Structure formats: structure tokens, C-alpha cells
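Participant: Residue-level listing of the chains:
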Amino acid sequence: MSWELLARGLECAFSILGVSILSEPALVEIRDLNFAYDKRPVLKGINMTMPKGRLIAIMGLSGCGKTTLLRHIGGSLKPTGGCVKVGGQVMHELDRNGLYAMRRKMGMLFQFGALFTDMSVYDNVAFQMREHTELPDEIIHDLVLMKLHAVGLRGTQNLMPSELSGGMARRVALARTVALDPMLIMYDEPFAGLDPISLGLVGDLIRRLNDSLGATSIIVTHDVQESLKIVDYVYFMSEGVVVAEGTPDQIRASDKEYVHQFVHGEMDGPVPFHYPGRDYLQDLELRA
Amino acid sequence: MSAASTIRIIGHRAINAVWRIGMASRFFIYTLLYSGSSFRRFHLTIKELFSTGVMSLIIIIVAGLFVGMVLGLQGYETLKRYGSESALGTMVALSLVRELGPVVAALLFASRAGSAMTAEIGLMKATEQISAMEMMAVNPIARIVAPRFWAGVISMPLLAAMFSAVGVFGGYLVGVVQIGVDEGSFWSQMQSAVDFRDDILNGVIKSFVFGVVVTLIALFEGYDAPPTAEGVSGATTRTVVTSSLAILMLDFVLTAIMFRGN
Numbered sequence: 434m435s436w437e438l439l440a441r442g443l444e445c446a447f448s449i450l451g452v453s454i455l456s457e458p459a460l461v462e463i464r465d466l467n468f469a470y471d472k473r474p475v476l477k478g479i480n481m482t483m484p485k486g487r488l489i490a491i492m493g494l495s496g497c498g499k500t501t502l503l504r505h506i507g508g509s510l511k512p513t514g515g516c517v518k519v520g521g522q523v524m525h526e527l528d529r530n531g532l533y534a535m536r537r538k539m540g541m542l543f544q545f546g547a548l549f550t551d552m553s554v555y556d557n558v559a560f561q562m563r564e565h566t567e568l569p570d571e572i573i574h575d576l577v578l579m580k581l582h583a584v585g586l587r588g589t590q591n592l593m594p595s596e597l598s599g600g601m602a603r604r605v606a607l608a609r610t611v612a613l614d615p616m617l618i619m620y621d622e623p624f625a626g627l628d629p630i631s632l633g634l635v636g637d638l639i640r641r642l643n644d645s646l647g648a649t650s651i652i653v654t655h656d657v658q659e660s661l662k663i664v665d666y667v668y669f670m671s672e673g674v675v676v677a678e679g680t681p682d683q684i685r686a687s688d689k690e691y692v693h694q695f696v697h698g699e700m701d702g703p704v705p706f707h708y709p710g711r712d713y714l715q716d717l718e719l720r721a
Numbered sequence: 006m007s008a009a010s011t012i013r014i015i016g017h018r019a020i021n022a023v024w025r026i027g028m029a030s031r032f033f034i035y036t037l038l039y040s041g042s043s044f045r046r047f048h049l050t051i052k053e054l055f056s057t058g059v060m061s062l063i064i065i066i067v068a069g070l071f072v073g074m075v076l077g078l079q080g081y082e083t084l085k086r087y088g089s090e091s092a093l094g095t096m097v098a099l100s101l102v103r104e105l106g107p108v109v110a111a112l113l114f115a116s117r118a119g120s121a122m123t124a125e126i127g128l129m130k131a132t133e134q135i136s137a138m139e140m141m142a143v144n145p146i147a148r149i150v151a152p153r154f155w156a157g158v159i160s161m162p163l164l165a166a167m168f169s170a171v172g173v174f175g176g177y178l179v180g181v182v183q184i185g186v187d188e189g190s191f192w193s194q195m196q197s198a199v200d201f202r203d204d205i206l207n208g209v210i211k212s213f214v215f216g217v218v219v220t221l222i223a224l225f226e227g228y229d230a231p232p233t234a235e236g237v238s239g240a241t242t243r244t245v246v247t248s249s250l251a252i253l254m255l256d257f258v259l260t261a262i263m264f265r266g267n
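Sequence order for the protein chains is A and B. If you want our numbering, it's the 1-based position in the first sequence plus 433. If you want our numbering, it's the 1-based position in the second sequence plus 5.
By construction, these hints were calculated from the structure, which means they are not laboratory data. All of these numbers come straight from a predicted model, not from anything done at the bench. Be careful, since some hints might not be right.
Which residues of chain B face chain A? A few of them, derived with a C-beta cut under 7 Å, are [stated by the list, open to error]:
(1) 133
(2) 134
(3) 146
(4) 147
In this text, a Cβ means the ideal position worked out from N, Cα and C, and glycines have one as well.
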């Protein structure tokens, strides 16, 4: 614990001195990334660096391109320009075997867990071990119980996903995500739809798992308060571009209008409350 | 609506239809290419055989029994006019093994197992289970689609055979037990008139073809379904409609090839 505090203190000191954590060796590098669905641009020249061992948040409004960016990192989409490098490899240049080899080192937690509904909790967590390893059943059994124990749900091993609450399903999905101890873990809206206790629990688990596995984690989220508690660095996106970035303290202290509105949950600002439309009085036929 | 926009709509639909046929063909080729694990890890296919084949047995047996009983009644009434009641067994058996067995069993299979496959895969897609599998470096065609495909292909001829066997028994119950047709002539005429190669084997080939087509349509519709409640329900409906039409059209084509001149 004292080492962790020391590390955080050093990071804070470096931050004050203007030395960014981003000077550390990067696991994920995104350079001039552009992407369009048909002719509609979604990502416009994104640049990001995600150092090893760090927990990075990508925030922004719905439809700003966060999940699209995550899908590029996972190699599900090919960019129209620029590239995403993971572990030094350009994702869109990998063939199917290369991509699958890379994905074995990654884990992804989907928004609502995406547990396999025809399998028990145990089989869900054991799924990747059975698919990608030749481990005997006894070892898989012990590993599954260890993973479930890490998320506090060892007692649910025989339940089906339909018997779990939303928060429990998310934790089981988290255990499945880290089943093969990935080097990169991606979270797509991990806090969506959770009650306050589950929310704090999942946030805490994400931080602890990242640190204990020595992994790099990327969280795509709207949940500003919960994520600022646990992450090391934040990128803010709006309409396909990075509009702000910094450590949680820098973000909280930011005087940028967009960041201020987002962090403090203000109704009106650079992101207007009203969808663009005709004049209100004209719509009510009170003005010619 | 102007003529130009009508032509545009027709053209758009035609292009869409060709595009979907192309996608389905590619899907079929991928399914065959990635079928290895369905046989190496045969327990995956057996699990699907249970849900597609075994779970369809009740509907197949009940439907087969009633179709056979109706054939017995109708056949007797028709044959009686020509004094050929003793040929009832032949008529019931040939109708079932050549036509009704493969066709009606395939129609029932499409409604029961095909629609379930589409809904299951469509919902897996809507709940990101397929995306999760891809992100785990597991090929969903090999892990989800291929075992279901081979389960459908294997179970369809067996279900059709079961349908025909139970149907013959239904014809026997009505013709022999209820109406009183001579039991000896019922079975002996059937034995001498039904040819293994021309009748039974051709019926099996038909049901195999229907199995391939129905299962492929069901899997493709599920895999291609928009990931919404409306998308999945639309895909399920399309599975039943498209499969039924495909079965009836293919039945005509196969019958013309197999039995022309017999």
C-alpha cells in the first residue's frame, strides 16, 4: 500500500513539474485516426497514447465516437486513415490469425456483460480457458473459482446468467474478461445501469484488477464522478475529436466550457439542452 | 408514384435480393470451411442435435400420425371406387416416403427448429454475445453456426424418416384396425411396391437437401438480423416464410428430376 501511495505521490509531483505519465512506454498508440460510416465522419484525426499499466478513461457524449474508437483498438473496424498500434503492431494490418493472436492478449467487458445465456456462470468464465488452452479440467476448475472469488461471486458458479442481478452479471463478465490475464482490458460503459453499491464495487474491482494483473485498461464511460476516482488519465471526446485531456485533477480544475459542463452535469452549455429546431413561438403559432 | 420511382424501387429491391443471396452464399462457404471443429468437438454438435432434433420429435410424431390417418381415410375412400382397397398400404407408404414425409417434416422443422435457431442467434447478436466471442478470439461461425448447421442437416432426414414411419402406422390404424382392410395385403403390397432406391433413398435425399436449405436460411437470417427486437422478430418471420417457399419449390424441382418417367 505504501508503495502505491509513493507511486501516486511521485506521479503527482511529476504532474506538477509538467512531466506527463504519457512519457512512459506505450501499449496503445493511436495516430491521426480517421473513420467514417459511409460518408459520415465519426473519428477525425484522433491521437492518443496509453502507457503500460495505466487506467485510461475516454469520455464524451453518446455518439461522439468512443465505442467506435474502442472497436478500432480491438481490431473490429478498419480506419479510413491513420492507425492504431497495440504492442507495436498496427491492428488493421493484421490478418485473421494475427488479429486473433492479439485478441487472446486482450479482454473486453461489454456494456451489459454479454454473458453467454446458454451457459452457467462457471462455463462462462471457463470459456476462454477451454477454447485457447489445453489445461486439464482440474486446473480450469481452480482458476475459474479464483477468478470468481476475485469478483466476490464464487458462490454463483452454478447459476445461469438469467438468475443474476445486473451488477452480479457485470462482475461475472469481469471475471470472464480477465480469465486469461490479458495485457489490455477494455471496458465499454462498465457503470451503465448499476445501483450505487454495484457501481462503487465495479469501479474498485476495475482498479484492483488492473493493478494486480499489471494490465493496461481503457474505460469508455459517461460516468464522470466514478471514473475520475479510479483512472490515471482522461481523454474527452466530442464529435469525433479529442477536446480535452489530463489527469483527473486537471480535468476537475479545467476551465474549458465543454469539460466543465460535462464534469458538473450542467443542462446547458456548449452542448445545448434543446435539439435544433424552429423558433418556439413560431411552433406554437404565437408569432408570424 | 411516378414510373421512375417505381423502377427505382424495383431496382433497389432486386439489388438487395442479389446482395443477400451473395451474402448467404459466402456465409454457407464459411460455414463449410469452419466445420472442422463441429466434428473434432462433436459434443458441440450433439448438444445442438438435442435442441433441434430431439426437441422437434413430439411435433413430428403427432403430425405424422394424423397425416397418416388422414391418408388412410382418404385413400380408402378413393381406392374403394376402383375396388383396390388392398392397395391402401402402398398408397399410404409411397405418399409418405416420396412426398409428405420429407416435405411436411421440413415445413414443421422450419417452423419449430428453424425459427428457434434464428431467434437464438439474433438475440445472441443483439446482446453482443457474438461480438464478445469475436473479441475472445473465438470464431463464431465455427463455434456457434457450424455445430447448429450440421445438427440440422443430420436431424432433418431422421425426422422425415420418423414422420413417414409414424404416418404408415397411422394409415394402418385407420385402414386395417378401424376400417378393416386386410392386414396381410396392406403390408405385403406395401413391401412389394415400395422400392428402396427409387422411393426411400430419393425421399432421404430430398430431406437432406431440405435440411441444408432450411438450416442455412435459419442461421443466415439470425446472423444477419438487425440487433433489435423488431429485427429479430422480422428475421424469425423471414426464416419461416422463406424456408417454406424454398421447400415447396425445391420439392417440385427434385420430384421432376427424381421421379419423371417412373
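Participant: So, for every hint listed, does it hold in this structure?
Facilitator: Quick rundown of the hints versus the structure:
1. Nearest Cβ of chain A to the Cβ of residue 133(B): about 4 Å, under the 7 Å cut. The hint holds.
2. With a cut of 7 Å, the hint placing residue 134(B) at the interface with chain A holds, because the nearest CB-to-CB distance is about 5 Å.
3. The restraint placing residue 146(B) at the interface with chain A is violated, with a minimum CB-CB distance near 11 Å, outside the 7 Å limit.
4. Restraint check, residue 147(B) versus chain A: the minimum CB separation of about 10 Å is more than 7 Å; hint violated.
Hint compliance for this structure: hints 3, 4 are not met, and every other hint is.
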